[in-house]
Amino acid sequence: MLLSRGGMWTLGGRGRWHGRALAVWATEAAQRGRPEPRPTPTCGTPTEFRARDRLYSSAERKEKIDMSGFSVENIRNFSIIAHVDHGKSTLADRLLELTGTIDKTKNNKQVLDKLQVERERGITVKAQTASLFYDCEGKQYLLNLIDTPGHVDFSYEVSRSLSACQGVLLVVDANEGIQAQTVANFFLAFEAQLSVIPVINKIDLKNADPERVEKQIEKVFDIPSDECIKISAKLGTNVERVLQAVIERIPPPKVHRKNPLRALVFDSTFDQYRGVVANVALFDGVVAKGDKIVSAHTKKIYEVNEVGVLNPNEQPAHKLYAGQVGYLIAGMKDVTEAQIGDTLYLHKQPVEPLPGFKSAKPMVFAGMYPVDQSEYSNLKSAVEKLTVNDSSVTVHRDSSLALGAGWRLGFLGLLHMEVFNQRLEQEYNASVILTTPTVPYKAVLSSAKLIKEYREKEITIINPAQFPDKSKVTEYLEPVVLGTIITPDEYTGKVMMLCQARRAVQKNMTFIDQNRVMLKYLFPLNEIVVDFYDSLKSLSSGYASFDYEDAGYQTAELVKMDILLNGNTVEELVTIVHKDKAHSVGKAICERLKDSLPRQLFEIAIQAAVGSKIIARETVKAYRKNVLAKCYGGDITRKMKLLKRQAEGKKKLRKVGNVEVPKDAFIKVLKTQSDK
Amino acid sequence: MGMCATEPCKWLGPLGSHVARLIHPCPQWPYCEKRCSYCNFNKYIPRGVEEAAMRSCLVTEARTLLRLSGVRRVESVFFGGGTPSLASPSTVAAVLEAVDQASHLPADSEVTLEANPTSAPGARLAAFGAAGINRLSIGLQSLDDTELQLLGRTHSASDALQTLAEARRLFPGRVSVDLMLGLPAQKLGPWLQQLHELLGHCDDHISLYQLTLERGTSLFTQVQRGTLPAPDPEVAAEMYQEGREVLREAGFRQYEVSNFARNGALSTHNWTYWQCGQYLGVGPGAHGRFVPQGAGGHPREARIQTLEPDNWMKEVMLFGHGTRKRVPLGKLELLEEVLAMGLRTDMGITHQHWQRFESQLSLWEVFGSSQEVKALLMQGLLLLDRRGLRCSWEGLAVLDSLLLTLLPRLQEAWLQRAPSPV
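So the sequence lines, in the order shown, correspond to chains G and F.
If you use full-length UniProt numbering, the first sequence corresponds to residues 1 to 676, in order.
If you use full-length UniProt numbering, the second sequence corresponds to residues 1 to 422, in order.
Worth double-checking, as some hints may not be accurate.
In silico DMTMM-like cross-links for lysine to aspartate or glutamate, where the CA-CA straight-line distance does not exceed 20 Å [what the hints assert, rightly or not]: (1) G:K652 with F:E372; (2) G:K333 with G:E306; (3) G:K641 with F:E33; (4) G:K579 with G:E557; (5) G:K494 with G:D531; (6) G:K630 with F:E238; (7) G:K630 with G:E648; (8) G:K650 with F:D400; (9) G:K594 with G:E572; (10) G:K520 with G:E557; (11) G:K621 with F:D232; (12) G:K639 with F:E333; (13) G:K594 with F:E372; (14) G:K644 with F:D400.
Calculated Cβ distances over 10 Å to all of chain G for the following chain F residues [to be verified]: (15) L208; (16) A237; (17) R248; (18) A250; (19) S258; (20) G264; (21) K314; (22) E365; (23) L376; (24) P408; (25) A413.
It should be emphasised that the hints constitute simulated quantities derived from the structure, not laboratory data.
In this text, a Cβ means the ideal position worked out from N, Cα and C, and glycines have one as well.
Okay, chain G solo, but in the shape it has when bound:
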């Protein structure tokens, strides 16, 4: 799916190069009483500090800094948004270097992504934040770079991060031009009414065509082409201009230090020793160690243990003031206590919570089982450790007759699921069976009895076993997304056919330049969760890009499909499917089962059924001959060994009626099909 490489400054190599500039600066502050913006004639790095910072020991670096000196007018809060590989991380590295936040060393190339999966896949799973101190025309500015997760699965987090900003840098590759994720990101920023600074990157490339990209930006985003800044983040060309534009074009936050505290939680991580570390943006007021604060969502009260800024690692401060961005530790034990989008306020001084808070809403569900049941406990602890840092994964214990004990996990999207699975394998060495992902359907109940039972009229169906009968519902609903596809126009025909086959409805089609088309389609989510992106990529030789945003629910003719073996329902394989897709899905499952069911002493009918109607059927013929031809003296020992081994294996088979089903068969049917 869509990935974006992102900066991970905070978490890489704590306390090495990070924090030096700040530590020095803190010392200066201590000498002067507070960090007055120093009179420097031009904008640039506070070189004086950087030259001296090496004199100080590490103990001094932990000294608390005083943040009271930054008046709101000198604060800018911004994000960088970009399509994958358009250079977001490289630009961020340059900005950090320019402001002296990190040393200019070779090691700053690209990201310092902490997670192996982030490095490998070039995505940012966790948002990162850094406060940059920048001198310009005699003023010292505090520029808070609030990095966002780089994927559509995390669009809620992106929107929360953006709500802490007043502007964004929209980075576009001078060669590739606008891509689907550029569009999605732009509209998120646009809807949040942020200032957008278009940055055309990679102008040093041979095939760079920044003029064409300017025109695209003008056409698609209605931004005059002279507003674009053309840079090469790799070579550092024009990057200084970006910082100036941040100061000039992005307004300072509209906040009030004198009002009671109102802080937005836009990210949180879990630290084994200190508990939850919440990243916050202060909209009003001040917060300091010892303050009693309340979560607007949970109404729980906490005492603040520590506040500070991220530079990009944690640097404790005496206080955080309105308009500033930093971190806060307050004895929260669990990331669910500091949910993204929540508002914190002072005890007994309640405020109106900031708008837009939503609890994490899983959009894709999948069963997860250990390959071997003896691994259950290990896997359980690995899942717990991972979810401690990611409250957006929902976990419900589940068990399958075929696959044993496991969980039904809810993810924000497919990539989120893949990343989770990959982290389990890489960081915890856990090998799991992941079942085909499903989406949360809904049913509007008509049966009074059921409404009473569920205590609501509209229910969400996660487990197909709970699917209420048609006679008891007014309608079924399925989640839909608004997808954006940008493709060279030679592939438009194929792309449109693919979308049609996925039950998508075209909403818009625009030429963004002479040979690139932007298509908008409304997709049922379940049509894209498995292999849509791969199909799109392969039919367009990799050139089409895709992104989507949540578009609510739509009425759908859903049916429950049973898979029968000689007339007995296989509980593991009950599926909710759109009426129009029942035949093809049923057929595919029957075929996969046929290929993986071993012959038995009787014929096996594999059927897909909707209600009492059979919609697909395959047959596994009975064994006609299964006896070793030759069996004399020398062969006996070998043959007996073989038979006993087979008999042992037979004991482990799951029986559906009289049909023996090996675990492999279920895995082949249930597992995500990656080979399509």
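Using the hints, position chain F against chain G.
Coordinates of chain F only, in the frame set by chain G:
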């Protein structure tokens, strides 16, 4: 080249006789002219076999093992291989004489030689007859020259028919032929024609073998590489079913999964295997199963002779035998063999036969109450009645699947009966 089988020498008891002191030796001739493309048996392409040395070792080992077994009467001898018909008749005579001296080899004992078809078989077969052979098993395999080439055989279809005719003249009523089925690209129709043609020439015993692709053979490699099509198991199953039918109509009794006889010409020797009788294995890589004499309650042993002929010979010369491995068989293991082997025969396991091995736990007790076994009885694949336990006509073809239900049931019943089995 002959049957490339390393078959043990078997000394078989009479049908249904008491298992105790009757023994069937199976001397092995480990050499072949050439490697067959499907054969993974223990065999060697000789580089100047020192036949005198081999003869003396076979004689020595036969004597040693017979003495160990305490056998007083040998019911049958089976010369397997390798290609034992490559050995000289004098070697066969020497081994038989040694057997008769060490124990007793009655004149009516069954003495079988595995032989491969050759272009001029007459004189040699007669010499084997004079040496004491009274039954021939001919590795005919196919009556199609292309198939014979595919199998890597050195003989032609006409060699096969000529050898068969000669053998019938010399050993009337005591000649068996092997026919293979399920070869790559083999079709049902032509194969049935071969079978019909064979019926026009054969004696009273036929074995039908489905080709098993064994790892390490040239056929296996060719199929793996895709240069040959994989044999189609469906077609092979049809050949087997149709073949059984054809032979039944021709008056043959299918007395075992792969073996058909008329006029009572069953192989006494092989019957002993399926009835879990005792047999000695003589020669490189031979297997045997017997209760050593004076073992005083010691169980039946599975014995394997040293595999490589050169090493085996050295050991025989040093110790009088080349037994490489002796594995005592537990009671349950023996019963499992009784079950798995017995059900291969048309008679199955009679209550009487079962009782010889297990007097406490009857077949009824083991299998009578199991729901899974009842399902097999209901399906008509298995029969359990006053005679005993046996496969139906349909069940025999899928015996290996039936055993996957029966073996665990036997184990369960055994454990319930004896909490700490040996």
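- Query: Failing hints, ascending?
  - Reply: 3, 7, 10, 13, 15, 16, 19, 23 and 24
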